[in-house]
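With the hints as constraints, model all of the structure from the sequences given.
Sequence order for the protein chains is A and B. No gaps in the numbering here: position 75 of the first sequence is 296 in the numbering used here, and each next residue is one more. No gaps in the numbering here: position 147 of the second sequence is 368 in the numbering used here, and each next residue is one more.
These aren't lab readings, by the way, just hints derived from the structure by calculation. As the structure is a prediction and not an experimental result, all values here were calculated from the model. Don't take each hint at face value.
Which copy? The list can't say, so a pair holds if one copy fits it or any two copies do.
To be verified - Below, in silico cross-link-like pairs of lysine-lysine (DSBU-like), each with a Cα-Cα straight-line distance of 35 Å or less:
#1 K328 - K367
#2 K422 - K318
#3 K290 - K422
#4 K431 - K278
#5 K556 - K333
#6 K367 - K390
#7 K407 - K431
#8 K278 - K239
#9 K495 - K390
Protein chains: 2
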Amino acid sequence: MVVAKKYIVVNPFEGEPKKSDFMIVEENLPELQEDEFLAEAAYMSIDPYQRMKLGNKYPCDMIGGQVAKIIASRNSEYPEGTWVMGHFGWRTHTISKPENEKFCMQKPFLYKLPDFEDLPVSLALGVCGRVGNTAYFGFTQICQPKPGETVVVSGAAGAVGSHVGQIAKILGCRVIGFAGSDEKCKWLTNKLGFDCTANYKTTDLAQFLKENAPNGVDCYFDNVGGEISSTVLSQMNQYGRVAVCGAISSYNETDPAKRKATILQPFIVSKQLKIEGFLVNRYADRTIEGVNQNLKWVKEGKLQYREHITDGFETAVDAFIGLFRGENTGKTLVKVK
Amino acid sequence: MVVAKKYIVVNPFEGEPKKSDFMIVEENLPELQEDEFLAEAAYMSIDPYQRMKLGNKYPCDMIGGQVAKIIASRNSEYPEGTWVMGHFGWRTHTISKPENEKFCMQKPFLYKLPDFEDLPVSLALGVCGRVGNTAYFGFTQICQPKPGETVVVSGAAGAVGSHVGQIAKILGCRVIGFAGSDEKCKWLTNKLGFDCTANYKTTDLAQFLKENAPNGVDCYFDNVGGEISSTVLSQMNQYGRVAVCGAISSYNETDPAKRKATILQPFIVSKQLKIEGFLVNRYADRTIEGVNQNLKWVKEGKLQYREHITDGFETAVDAFIGLFRGENTGKTLVKVK
Chain A
222 MVVAKKYIVV NPFEGEPKKS DFMIVEENLP ELQEDEFLAE AAYMSIDPYQ RMKLGNKYPC
282 DMIGGQVAKI IASRNSEYPE GTWVMGHFGW RTHTISKPEN EKFCMQKPFL YKLPDFEDLP
342 VSLALGVCGR VGNTAYFGFT QICQPKPGET VVVSGAAGAV GSHVGQIAKI LGCRVIGFAG
402 SDEKCKWLTN KLGFDCTANY KTTDLAQFLK ENAPNGVDCY FDNVGGEISS TVLSQMNQYG
462 RVAVCGAISS YNETDPAKRK ATILQPFIVS KQLKIEGFLV NRYADRTIEG VNQNLKWVKE
522 GKLQYREHIT DGFETAVDAF IGLFRGENTG KTLVKVK
Chain B
222 MVVAKKYIVV NPFEGEPKKS DFMIVEENLP ELQEDEFLAE AAYMSIDPYQ RMKLGNKYPC
282 DMIGGQVAKI IASRNSEYPE GTWVMGHFGW RTHTISKPEN EKFCMQKPFL YKLPDFEDLP
342 VSLALGVCGR VGNTAYFGFT QICQPKPGET VVVSGAAGAV GSHVGQIAKI LGCRVIGFAG
402 SDEKCKWLTN KLGFDCTANY KTTDLAQFLK ENAPNGVDCY FDNVGGEISS TVLSQMNQYG
462 RVAVCGAISS YNETDPAKRK ATILQPFIVS KQLKIEGFLV NRYADRTIEG VNQNLKWVKE
522 GKLQYREHIT DGFETAVDAF IGLFRGENTG KTLVKVK
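Now the structure itself:
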């Protein structure tokens, strides 16, 4: 009999997630039924959205994607030895019946990885997975960037932000990144080729944009929301496009007064801006297209990434909390096995 | 020699426009040159945007559209007796050379009216003019409403808002209007067929929407911006569409602290909203299409309108100030002759 370990969340998060919000429990897995397989987690993905998307009943299982290897199977489509990406949650072992799980909130719930050749499978949770597709589809489909345009990325040192900036460079744009430390900013300019960056904690961003985007901003990829975004929107050009991918500045903010920022509508009207929010689910049908495009850019050396990997199933909560404290640079993962 | 009277603005507006910001001056008009015509204003349009769009040099002429009759002409395309809509500003008589004025900020700068038959030409500044086109194109092109959907309109008793609500009814939507007095709300429900309305000054709009839009809001036509809009966005459905037409709540607000509202990004992401600002200029090439569609609906009795007309060139400033105090219901006009 296989014993799985899994995280449960014992009460709704209030403010920043706490260690006491979680418990690890063991679960005895039954025998495989027809069409089922047993998968063993290799890496778990730790993402901000996991803070927002829990159900109404507690305790409940923690959600999240993982890369896993099928170690036993009664499903000929998913034979033993296959690598999969599945939204199995924070757990070590999972029995899955693929056809039952296709209506999950996180689409696609499950897919087989293409051949990563020499590259590590952890990339399937980052630059060549959901995160990479978030960057690729969100930026290209919603921002519709053109060569020569000026692009601003907030949360630029995060997994999605750093990826978007590099795609923007590949596509011939001028790229400005906002991040939360000087070290992150240096990484973006020195290693990833951002044209310029600012530490939003120590910089007057309005003044910075006047100097560094004198012709205005055409595209804004927004990971943070709040006052930073109001500042960027105030300096956009006619028909500017804004892809809203996240609002991490507000996820843990429980004080309603601090959930206010300079209103956007005057800029939206006068500059005829188009602002669109998206979840990568929307592009679920094109998942493999995005994975392969990003895989190609990685192999060509055009797309660099940084993984923030902690070792051991038990490190997940610390990694999760660290995410909201800005301790990560690049994609946050937990190595399970 | 013809003597024109015109308004000049002597200094930039601060807060609410004041009488002392304006002066009436006389201007001696020269003889007509080839290709020029002389137009005499019949009605002047008074609009919120006129508060925002002034130049950098003062004193300067006041801007605005008017319906005028050509009373002398040396341009065969525009013979004497022709009715035109022109952005000539707040003035009684204008010499115009059409070809010189086609690059004006307000497009189209000038066009000949179609035949209004028995209807008053004042409609060319409202329901069958720029205002009507703002409603028609902004709502149909940006909100993309479908029959059965729930539509919220803010500033619903204004010229654009009341028009949008009626188009939404014509197209088979459920329509909720927010306005600034009980009297305006009654007019919207009793005369214009809005499904329900709320006085935003006395109503908890979040609670009101929970009760009156229990299935959520699909389209929002936003004339006001600010906290009202944050409330509406918080109750929108997946893939909701927002047309941002104005932000009148903020135009006169000089205190930065009061220019803040609950941030929108969390709703934009989780509901994948699309928010787009527009100026009717964008649809300048389709001006006559919009005018004729609205004219048809008016003739069929499907589209009601209310004009707020004050009599005499000298009433313009009071009419303008009244606009920002919510004293108007429907399109604000000044009858010049």
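### Message
Checking an output row: K495 and K390, CA cutoff 35 Å. Within, between, both or neither?
### Response
Classified as both: same-chain Cα gap 22 Å, cross-chain 26 Å, threshold 35 Å.
#### Entry: Alpha-carbon proximity between K328 and K367, which holds within one copy, between copies, both or neither at 35 Å
Result: close both inside a copy and across copies, 29 Å intra and 26 Å inter.
### Query
From the Cα coordinates, with 35 Å as the cut-off, is the pair K422 and K318 best called within, between, both, or neither?
For K422 and K318, the Cα distance exceeds 35 Å both inside one copy (47 Å) and across copies (54 Å).
### Task
Using 35 Å as the alpha carbon limit, work out where K556 and K333 are close: within a copy, between copies, both or neither.
within (19 Å within a copy, 72 Å between copies)
### Task
Could you figure out if K278 and K239 sit no more than 35 Å apart (CA to CA) within one copy, between two copies, both or neither?
So K278 and K239 pass the 35 Å test inside one copy only (18 Å; across, 58 Å).
### Query
Under a CA distance limit of 35 Å, which applies to K431 and K278: within one copy, between copies, both, or neither?
between (48 Å within a copy, 23 Å between copies)
### Within, between, both or neither: K290, K422 at alpha-carbon 35 Å
neither (42 Å within a copy, 59 Å between copies)
### Message
Cα distance capped at 35 Å. Does K407 pair with K431 within a copy, between copies, both, or neither?
### Response
Result: close within a single copy only, 21 Å intra versus 48 Å inter.
### Query
Should K367 paired with K390 be assigned to within, between, both, or neither, using CA atoms and 35 Å as the limit?
within (11 Å within a copy, 39 Å between copies)
Of the numbered hints given earlier, the model fails hints 2, 3; all others are met.
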